[in-house]
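Each chain is listed here by its residues.
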Amino acid sequence: GQNIDQPTEMTATEGAIVQINCTYQTSGFNGLFWYQQHAGEAPTFLSYNVLDGLEEKGRFSSFLSRSKGYSYLLLKELQMKDSASYLCAVRDRGTGFQKLVFGTGTRLLVSP
Amino acid sequence: DSGVTQTPKHLITATGQRVTLRCSPRSGDLSVYWYQQSLDQGLQFLIHYYNGEERAKGNILERFSAQQFPDLHSELNLSSLELGDSALYFCASSVASGTTAYEQYFGPGTRLTVT
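Protein sequence lines, in the order shown, are assigned to chains A and B.
This note's numbering applies: residue 1 is where the first sequence begins, and numbers increase by one.
This note's numbering applies: residue 1 is where the second sequence begins, and numbers increase by one.
Just chain A, same shape as in the assembly (with noise of 0.2 Å):
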């Protein structure tokens, strides 16, 4: 089976960078992604890694290492805006190529 960790919850201030942390453990992996989540509202992409190394995206990053099982999206220039669920998904080919496992989701409370 699978298994993905990440903290329950953090909180930053405004204009500050967070780093939230995935570990994961599948028996297939084959990529990442993380998806933020407004409280009541649906998911929304953000990134995918598939290999190892950084993929940035304006203000926001995500980082992979395979063989640590271990991610990390990273939240540059905190706004308010940013306050939200950071889910992690897996996909891991022993449960369907398109099946993707989330993790429980950390909630980032950004403060002024």
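Source of the hints: derived by calculation from the structure; they are not laboratory data.
Note that the structure is a prediction, hence the values are computed from the model and not measured.
For glycine and all other residues, C-beta sits at the position ideal for the given N, C-alpha and C.
Hints are supplied without guarantee of correctness; some may be wrong.
Away from chain B, derived, C-beta distances all over 10 Å, residues of chain A [what the hints assert, rightly or not]:
no.: 1; residue: Ile17
no.: 2; residue: Asp52
no.: 3; residue: Leu54
no.: 4; residue: Met80
no.: 5; residue: Lys81
no.: 6; residue: Ser83
no.: 7; residue: Lys99
no.: 8; residue: Leu109
no.: 9; residue: Ser111
Here are the in silico distance ranges between beta carbons for each label pair [what the hints assert, rightly or not]:
no.: 10; chain 1: B; residue 1: Thr5; chain 2: A; residue 2: Thr23; range: 31 to 37 Å
no.: 11; chain 1: B; residue 1: Thr15; chain 2: A; residue 2: Gly53; range: 46 to 52 Å
no.: 12; chain 1: B; residue 1: Arg22; chain 2: A; residue 2: Glu14; range: 35 to 41 Å
no.: 13; chain 1: A; residue 1: Gly15; chain 2: B; residue 2: Leu83; range: 33 to 39 Å
no.: 14; chain 1: B; residue 1: Ser38; chain 2: A; residue 2: Glu55; range: 28 to 34 Å
no.: 15; chain 1: A; residue 1: Met10; chain 2: B; residue 2: Ser79; range: 28 to 34 Å
no.: 16; chain 1: A; residue 1: Thr104; chain 2: B; residue 2: Thr13; range: 24 to 30 Å
no.: 17; chain 1: B; residue 1: His73; chain 2: A; residue 2: Thr44; range: 20 to 26 Å
no.: 18; chain 1: A; residue 1: Gln79; chain 2: B; residue 2: Glu82; range: 36 to 42 Å
With chain A fixed as given, assemble chain B onto it according to the hints.
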């Protein structure tokens, strides 16, 4: 706006009843996925359809069923409803199915309340 539509937005019904949730994928997307999100729970994968065929099943209860129609819209049927079925139900779509990873685009969800 992801381009995925879901109806209804809210649904309140009683235990033992049956409901149908509807999803229309983004134009051109052949894959539809259904997820359940309970309070304080992560997104739980229920089922995946590709071009009308079931492709993968998650921990979907036997009381739940789904189908994808020739026009690619999908319906999730929930029967013999229990209080614990109260949740947000999301539909997502992606371009295709297979070895290549495609991001999934989520609809706004249907909030089901069972009383």
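Here's how the hints hold up against the structure:
For A/Ile17, the non-interface assignment is confirmed: its Cβ lies about 25 Å from the closest Cβ of chain B, beyond the 10 Å cut-off. For A/Asp52, the non-interface assignment is confirmed: its Cβ lies about 16 Å from the closest Cβ of chain B, beyond the 10 Å cut-off. With 10 Å as the threshold on Cβ separation, the claim that A/Leu54 sits away from chain B holds: the shortest Cβ distance comes to roughly 18 Å. The claim that A/Met80 lies off the interface holds: its Cβ sits roughly 22 Å from the closest Cβ of chain B, which is beyond the 10 Å cut-off.
Residue-level check passed: A/Lys81 sits 17 Å from the nearest beta carbon of chain B, beyond 10 Å. Every CB of chain B lies more than 10 Å from the CB of A/Ser83, the least distance being 17 Å, so the non-interface label holds. A beta-carbon of chain B is positioned within 10 Å of the beta-carbon of A/Lys99; the least distance is around 5 Å. Look at A/Leu109: its CB is around 16 Å from the nearest CB on chain B, clear of 10 Å, so calling it non-interface holds up.
Chain B leaves A/Ser111 outside its interface by the beta-carbon criterion, the shortest separation being 22 Å against a cut-off of 10 Å. B/Thr5 and A/Thr23 have their C-beta atoms about 35 Å apart, which keeps the hinted 31 to 37 Å range intact. In this structure, B/Thr15 and A/Gly53 meet the distance hint of 46 to 52 Å, their C-beta atoms being roughly 50 Å apart. Against the hinted window of 35 to 41 Å, the Cβ-Cβ separation of B/Arg22 and A/Glu14 comes to about 40 Å, which satisfies the hint.
A hinted range of 33 to 39 Å for the beta carbons of A/Gly15 and B/Leu83 is inconsistent with their spacing of about 44 Å. At roughly 31 Å, the beta-carbon separation of B/Ser38 and A/Glu55 lies within the given 28 to 34 Å, and the hint holds. The beta-carbon spacing between A/Met10 and B/Ser79, approximately 40 Å, falls outside the hinted interval of 28 to 34 Å. For the pair A/Thr104 and B/Thr13, the beta carbons lie near 27 Å from each other, so the given range of 24 to 30 Å is met.
Between B/His73 and A/Thr44 the beta carbons are some 22 Å apart, a value that agrees with the proposed interval 20 to 26 Å. As the Cβ distance of A/Gln79 to B/Glu82 is approximately 41 Å, the hint placing it in 36 to 42 Å holds.
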